[in-house]
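Undergrad: Residue numbers (this note's numbering), protein chains in the order written: chain Y, 1 to 585; chain S, 1 to 165.
Since no wrong hints were added, every one of them can be taken at face value.
Here chain S is said to cover these stretches of chain Y; the calculated rule only asks that three of the stretch's residues, wherever they fall, bring their Cβ under 8 Å from a Cβ of chain S:
# : segment
1 : 68 to 81
2 : 87 to 95
For lysine to aspartate or glutamate, the following EDC-like pairs were computed, each having C-alpha atoms within a straight-line distance of at most 20 Å:
#  : chain 1 : residue 1 : chain 2 : residue 2
3  : S       : Lys86     : Y       : Glu71
4  : Y       : Lys418    : Y       : Asp439
5  : S       : Lys86     : Y       : Asp69
6  : S       : Lys86     : Y       : Asp128
7  : Y       : Lys257    : Y       : Glu267
8  : Y       : Lys344    : Y       : Glu376
9  : S       : Lys71     : Y       : Glu71
10 : Y       : Lys456    : Y       : Asp445
11 : Y       : Lys344    : Y       : Glu378
12 : S       : Lys71     : S       : Glu104
13 : Y       : Lys556    : Y       : Asp439
14 : Y       : Lys333    : Y       : Glu410
Honestly, the hints are just simulated from the structure, not real lab data. Here a beta-carbon is modelled for each residue, glycine too, at the ideal position from N, C-alpha and C.
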Amino acid sequence: MHRRRNRRFTVRQKIQLPTILFIALLSLFMWFYFPYEQRNALRDSFRNEVQSLAQMVATGVTLGLSNQDWEGMQRSIDLVRQAPGVDFVTLIDLQGETFTADEDDFRYDPAYEDSDSLIVAFYSVDTDLFTGNVVVGASTDFITHRVHKLGFTAFWVSIITLLLGTFFGMWQANLIVRPLSLLRLAAIKVGHGDLETEVYRTTNDEIGDLANEFGKMITSVRHAQEHVQDANAELQTKNRLLEAERRQLARTLENLKTTQAQLVQSEKMAALGQLIAGIAHEINTPLGAIRASISNIEHALSHTLQDMPVMMARLSPEMRALFFEMVGCSLSKHLALSPREERKYRRSITSTLEESGYLHASDIADTLTEMALFEEWERYTALLQHEDVKDILQVASRLVLQQRNSQNIEMAVERASKIVFALKNFSHHDQSGQMTSADITQGIDTVLTLYHNQLKHGIEVLRRFNPIPRILCYPDELNQVWTNLIHNAIQAMQYQGQLEISVGLLETCIEVRITDSGHGIPEDIRDKIFDPFFTTKEAGEGTGLGLDIVKRIIEKHSGTIDVESEPGSTTFAVCLPVQIDTTSS
Amino acid sequence: MKWSSSLYFSDSALYYDASMKTHFFIAFLVTGIVLLTCSSLAQTVVIVNTSVPSSTSFDVDELLDVYTLNKAHWEDGSRITVFDLKRGKSKAAFYEYIGMSEEELQRIWLRKQFTGRARPPRSLSSEEEIVERVGRTPGAIGYVQNQSVKNNRNVRVVAKIKGTK
Numbered sequence: 001m002h003r004r005r006n007r008r009f010t011v012r013q014k015i016q017l018p019t020i021l022f023i024a025l026l027s028l029f030m031w032f033y034f035p036y037e038q039r040n041a042l043r044d045s046f047r048n049e050v051q052s053l054a055q056m057v058a059t060g061v062t063l064g065l066s067n068q069d070w071e072g073m074q075r076s077i078d079l080v081r082q083a084p085g086v087d088f089v090t091l092i093d094l095q096g097e098t099f100t101a102d103e104d105d106f107r108y109d110p111a112y113e114d115s116d117s118l119i120v121a122f123y124s125v126d127t128d129l130f131t132g133n134v135v136v137g138a139s140t141d142f143i144t145h146r147v148h149k150l151g152f153t154a155f156w157v158s159i160i161t162l163l164l165g166t167f168f169g170m171w172q173a174n175l176i177v178r179p180l181s182l183l184r185l186a187a188i189k190v191g192h193g194d195l196e197t198e199v200y201r202t203t204n205d206e207i208g209d210l211a212n213e214f215g216k217m218i219t220s221v222r223h224a225q226e227h228v229q230d231a232n233a234e235l236q237t238k239n240r241l242l243e244a245e246r247r248q249l250a251r252t253l254e255n256l257k258t259t260q261a262q263l264v265q266s267e268k269m270a271a272l273g274q275l276i277a278g279i280a281h282e283i284n285t286p287l288g289a290i291r292a293s294i295s296n297i298e299h300a301l302s303h304t305l306q307d308m309p310v311m312m313a314r315l316s317p318e319m320r321a322l323f324f325e326m327v328g329c330s331l332s333k334h335l336a337l338s339p340r341e342e343r344k345y346r347r348s349i350t351s352t353l354e355e356s357g358y359l360h361a362s363d364i365a366d367t368l369t370e371m372a373l374f375e376e377w378e379r380y381t382a383l384l385q386h387e388d389v390k391d392i393l394q395v396a397s398r399l400v401l402q403q404r405n406s407q408n409i410e411m412a413v414e415r416a417s418k419i420v421f422a423l424k425n426f427s428h429h430d431q432s433g434q435m436t437s438a439d440i441t442q443g444i445d446t447v448l449t450l451y452h453n454q455l456k457h458g459i460e461v462l463r464r465f466n467p468i469p470r471i472l473c474y475p476d477e478l479n480q481v482w483t484n485l486i487h488n489a490i491q492a493m494q495y496q497g498q499l500e501i502s503v504g505l506l507e508t509c510i511e512v513r514i515t516d517s518g519h520g521i522p523e524d525i526r527d528k529i530f531d532p533f534f535t536t537k538e539a540g541e542g543t544g545l546g547l548d549i550v551k552r553i554i555e556k557h558s559g560t561i562d563v564e565s566e567p568g569s570t571t572f573a574v575c576l577p578v579q580i581d582t583t584s585s
Numbered sequence: 001m002k003w004s005s006s007l008y009f010s011d012s013a014l015y016y017d018a019s020m021k022t023h024f025f026i027a028f029l030v031t032g033i034v035l036l037t038c039s040s041l042a043q044t045v046v047i048v049n050t051s052v053p054s055s056t057s058f059d060v061d062e063l064l065d066v067y068t069l070n071k072a073h074w075e076d077g078s079r080i081t082v083f084d085l086k087r088g089k090s091k092a093a094f095y096e097y098i099g100m101s102e103e104e105l106q107r108i109w110l111r112k113q114f115t116g117r118a119r120p121p122r123s124l125s126s127e128e129e130i131v132e133r134v135g136r137t138p139g140a141i142g143y144v145q146n147q148s149v150k151n152n153r154n155v156r157v158v159a160k161i162k163g164t165k
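With these hints in hand, go ahead and build the complete structure from the sequences.
TA: Set out below in structure tokens:
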């Protein structure tokens, strides 16, 4: 329906219309042209005829006048006058005046020459009596009549031709269109999916061939469709299977994602765990020192309280003053010497004392060494020569010991509080999720503090910190970066070697370079180290997520991380832009 | 007819040239004598077929009407047939009688021919022929010298041209 509306002409019309148009044109031609031509031809011949009539009259007049043969003249005039169509025969003189006018009411009018219904012919007459023209006028009515008759005939012939032509055109169109429309109906049916449509061969021409071929086509389409349906069913089954698999995969992916998140979390926890273990150790050391010191102090104090008043009573006031001076001298010394030097000093003091004839020279030397009076003891020889030298030195050394242990406690407390402070710094968590202005160097220091116990045994830490501005960042996350990188460096060096950390300001960014003196990263895995789950450690030992996390955090800061490695020197260079576009994060 | 009249006038001119004033009268006299002699020998008469009603009066007007072809029928309704002489003495006399020149009359006839309303006159060469034809043709009219009539029973003389007596 919709297609038919858009179509301007049907095939039938396309065949019919030109045929009918052609025949109509031919009819019109017959109707108008032939009568017109006939009229012209008739007029031409009639004009010649009238001209010869005029000549006849003129001859009659000339002869009649010269022979005075009036009857002959009259005969010729009458003959012409009676000729078919002749309207008038007259004479006009050279001025164009009608010669016969004064007797006859007929007057020649030059307009007759232009008249369509008249043909006028002239023939000159030249006699003594009259000089002028014979004029013969003939009516063309009979021509008009004949032409009309011809027109009438032509009209009917045209009409009959037109009717026959129209009929013939329609018949011809029908002959062509009927098999075509059958074919079209079949095609529409097929188009609507009725592949059982029968296509009959109606004519034995090209259209018949077309119908034949169309029939074959439908058959093959039917076969193909059956094929397609089978294939479709198969496809649908496969599709369902695929869909199921896809869902399975989606679930797996979901699980994997969850697992990855858990792994990231556990990596963080593991790092934290290691850190905490280190920190526990770190705090435990000063605590042990404090405990030992307190025990020492308690022990020394109880002895001192017991022995000191007895000893004081035995000493003279001068001796007492000297005693306190010696104690004060010892307390003022903070030199912590190596055991070897101590031994050296002890031997030297022992030998000096033995030379001077002191009893218990070895014991005295021990005590003096303990009190760190390596050279100053000579000032207090008066005390050494005292009979109770052993008790005096013991009391003195106990006093110094108390003092020293107090100082130790102080140092241990300081150390512990430092660690606690670092821990506080490290675990400081900004809940706002906003970037805050922070000093990167401070973050690195904090991490170094926390790793102190892992570094102190065999790793030399070189800090090359140039002044840098504070930048907007996520300090906790950056601490995680430093933790990971330093931890990796320590492990790469197997706790022995040199760790160099340099911080500096480049043109637009702060560069942090962490260089270890470890065995380096083999070139073939250098590209993969930032991939998640890539690890060189034993299965179960590392998650392989450490550097992935580092990379993500740095990317969050719009920074970059690069690695340069060769055996003995591996550098991770982190670049953080000074002006971080806050909108990008 | 033409040459006869020109001969006539050339004669008189000859006389006029030769005689001068004194001979004028003589020339006139001679001419008169010649004319008188001629007329005394022949007189022009108008003849009709005997079938023409006798009641008709053939005066000059009637002749003029007939010869200018204005009148086509006699009183009894019979058709008039006009005969004319191609040349001859009687022609000049007759034309003079009815007061028309030959040329004038021929022009009238030519006109009438083209109107088709009148029967054409019949011009014959000899007077005998005219007499014979008028005698044969009912309603015919013609003019001849009186001696040409020769007692033909079929013609009747209806008028005598007076100028030629």
